[in-house]
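Visitor: The lines below spell out each chain.
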Amino acid sequence: MKTPSSQSVLLAASELSLPSQPQRAKSPVSSGVVGMLIFIVTEVMFFGALISAYLVIRAGLDEWPPWGQPRLPVETTAINTLALLVSGLLMLYSRKLMQKDKVSEGRKWLGFSILLGTFFLISQGYEWVELIKYGLTVSSSVYGGLFYLIIGAHGLHIIGTLAFLTYAWKRLGAPVNPLTPEGLLPVQLLWYFVVCVWPVLYVLVYL
Amino acid sequence: MSQAAAAVQTDTHAEHHEELSFLYKYILPVDHKIIGMQYIFTGMIMAIIGGYFAYAFRMQLAFPGELVPLYGLVGPGEYNMLVTNHGTIMIFWVAMPVLIAGFGNYLIPLMIGCDDMVFPRLNRLSYQIFLVSALVLIASFFVRGGGFGGAWTSYPPLSSVAEYSLTDWGASLWILAVALEFVSFLLGGINFVTTSMNARAPGMKMLDIPIAVWFIVVAVILFMASVGPLVAGAVMLFMDQRIGTTFFLPSGGGDPLLWQHLFWFFGHPEVYVVLLPTLGIVAEIITVFSRKKLFGYRTVLYTAFATGGLSFVVWAHHQFIAGIDPRMANVFTVTTVLISIPLAEMMFSYIATLYGGSIELKTPMLWALSFIAAFLIGGVTGIYLGASAMDVYFHDSYFVLAHFHYTFFPITIIGMFAALTYWFPKMFGRMMNETLGKIHFWGTFIPFNCIFLPLFFLGLAGQHRRIYNYEHFPDLATQELQNIRIFATVSLVVMLIFQLVFIYNFFVSMFKGKKAPNNPWNANTLEWTIPSPPQHGNFKDLPTVYRGPYEYSVPGREKDYWPQNEPPEEN
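Chains as they are written, first to last, in this note's numbering: chain A, 2 to 208; chain B, 31 to 601.
One should not assume that every hint holds.
[To be verified] With beta-carbon atoms standing in for the labels, derived distance ranges:
| no. | chain 1 | residue 1 | chain 2 | residue 2 | range |
| --- | --- | --- | --- | --- | --- |
| 1 | B | Ile533 | A | Lys171 | 49 to 55 Å |
| 2 | B | Arg174 | A | Leu86 | 47 to 53 Å |
| 3 | B | Tyr385 | A | Arg172 | 57 to 63 Å |
| 4 | B | Phe487 | A | Gly61 | 37 to 43 Å |
Hints are computed from structural coordinates only; laboratory data are not their basis.
Cβ atoms here follow ideal geometry from the backbone N, Cα and C, with glycine treated the same way.
Please model the complete structure; the sequences and the hints are all you need to start from.
Guide: Structure representation (structure tokens):
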């Protein structure tokens with residue numbers, strides 16, 4: 002009896018298993034991973050467009066940031082950046098552990114990774130509240146608009162991916178039909194993407 | 031597992047599928063065939079709306095200021111709304127759902143020999159989001175201020191400031207509908223590529239995949255790689271409209287040209303996104319009905335890759351007079367003219383396939399041949415427009431309009447009819463009426479040329495696109511030009527009337543047509559090896575593939591076709 006080779010969280014496949022049939026050639030990459038990689042291509046183009054919009058509008062203005070707009074908190078965000086990068090590394094470490102069949106230990110480190118991601122999110126949210134108090138809003142200038150657009154788009158990705166990761170974390174520990182480490186890979190790939198795109202945005206928008 | 035247990039397993043499985051209630055079979059299906067048909071039917075309903083809009087504004091142009099039968103008076107604002115939504119509907123809610131999502135869903139699993147899409151539930155979600163997007167668009171016609179009227183390209187500041195567009199809610203609902211629709215195709219597209227890569231039947235190598243599937247995959251990859259910027263742009267435009275940002279408003283430090291770049295970076299690959307599936311469908315049909323191997327399978331495939339790659343570097347030819355750097359215009363002229371090379375190569379391959387074949391002029395073949403003829407006119411006039419020097423004169427004239435209708439009409443309408451008439455027996459298990467099919471073909475193709483050929487001449491005479499009544503323009507209000515407009519409009523009405531023949535034929539054949547055999551056209555691809563219509567789960571046993579899809583009239587064989595899954599004869 003064939004067991005489904007991968008059960009991804011995002012893209013749950015319902016494979017019909019009819020044992021008497023000739024089997025397909027086993028694909029080197031699971032469907033969940035292929036699907037996620039295509040999705041990441043779209044995401045790269047999406048953030049690429051936001052970045053080019055930022056550069057185009059910035060190049061068209063004489064003064065950047067425009068007069069009267071508050072400066073962005075470079076230092077606290079640097080700490081945040083570090084937290085997010087460490088979260089990505091912990092994710093890698095947890096995958097390494099799971100590949101060595103230490104699933105419960107890998108799950109623990111996955112949990113730490115999720116916690117660091119949540120810290121990043123809360124800290125960014127606090128930062129936004131402060132910035133709004135200082136008068137930086139979406140409509141205060143095109144500078145504010147771009148800041149909230151780009152950082153907000155990234156923040157939404159963080160929220161979405163964290164939700165999936167938390168669900169995966171729960172499913173990994175499920176007593177019945179737990180998630181396999183391979184099934185976790187697509188959502189991990191998405192997290193790597195979200196982590197890797199952040200330094201680019203940080204350098205671009207904050208520095 | 032023992033053989034007996036396996037049989038039991040299979041049986042319970044089959045029973046399980048027969049228990050599906052109407053709700054789960056037709057309203058909330060995960061079966062790719064039903065989802066494909068949902069897309070096709072929704073697209074056809076939207077096509078009726080789009081055609082009705084075209085009728086209303088063409089009547090206004092031919093008989094300005096008069097009451098349009100079945101519509102009423104078309105005012106200037108309403109004219110803009112009709113034109114805008116005609117374009118939007120025909121491209122995003124007809125071409126995309128029917129050609130890519132509809133036929134992609136229906137054909138990919140059948141042609142590559144698997145039971146269903148890799149992510150069936152994602153597939154269902156994709157259709158549901160699409161349906162919501164269509165409803166949002168339709169709702170936008172009825173809100174205060176009416177539907178959006180800033181052209182399907184939606185250039186700001188006209189589209190982003192309610193005081194300019196006068197359609198406060200219409201504009202926002204329009205952009206929301208477009209964005210939702212992209213999310214829907216994003217989910218569908220992930221499914222298509224993954225399924226084609228990972229779920230092919232045993233033995234089907236990359237170069238055994240039918241061209242129709244290949245082209246849908248290439249189209250989807252183009253779509254996935256180009257849609258990101260437009261989604262970003264749509265979000266920015268929506269924020270400009272609703273929460274007071276100024277991304278595209280020069281008064282607030284924004285840049286209106288930025289929208290044009292984001293839009294056309296998607297918009298031009300989009301042309302090839304809808305073109306490629308039709309080219310694939312045409313490749314299937316011309317090989318079957320000329321009983322010949324496709325000329326240069328690899329060449330055709332590689333030209334599609336080349337077209338896809340080049341389509342990302344031609345977008346600014348839509349903006350030659352928008353104030354871009356003239357040196358940039360030169361670069362884009364070169365790339366635009368370059369892209370005609372792979373497409374011409376593909377067309378020559380198709381014509382070479384026809385050469386020396388035993389051509390049967392069945393209805394699908396008529397559509398396929400008329401596609402090649404009409405698309406060639408569209409392609410050749412595109413070379414004039416791609417050259418920036420000529421485009422400065424032609425820009426926003428009826429020459430442009432006639433050009434892109436000579437590409438989009440063959441792609442969308444002719445492609446849709448070609449595919450529907452060809453796969454109808456597989457979809458519904460019955461044959462369509464040939465005579466009615468041919469009447470419908472000629473009743474569509476001749477009026478189509480009568481509508482759009484004259485518009486080239488109107489464009490050459492300097493007729494600008496976005497004018498709802500030419501009486502106010504002495505140069506354009508002459509009787510000669512007006513006669514041409516009336517001729518085009520009357521042709522449109524004739525064409526629309528002939529669509530009733532198709533609707534009649536379609537529904538009567540669906541229920542009362544002659545029963546279709548498994549393989550009515552003697553074709554090779556896998557979908558013809560199973561009963562018409564295919565059961566849930568498609569193949570009883572996964573087929574094994576031994577050869578490419580176009581082995582017709584192979585010397586030394588008794589039959590002139592050679593199904594992909596037929597085992598080679600033992601020597």
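Visitor: Does each hint fit the structure? Answer for all of them.
Guide: For each hint, the structure was consulted:
Range check, Ile533/B to Lys171/A: Cβ separation about 52 Å, and the 49 to 55 Å hint holds. The given range of 47 to 53 Å is respected by Arg174/B and Leu86/A, whose C-beta atoms sit roughly 49 Å from each other. Judged by the Cβ atoms, the range 57 to 63 Å given for Tyr385/B and Arg172/A holds: they are separated by roughly 59 Å. A hinted range of 37 to 43 Å holds for the C-beta pair Phe487/B and Gly61/A, which are about 41 Å apart.
Against the hints set out earlier in the document, no violation occurs for any number.
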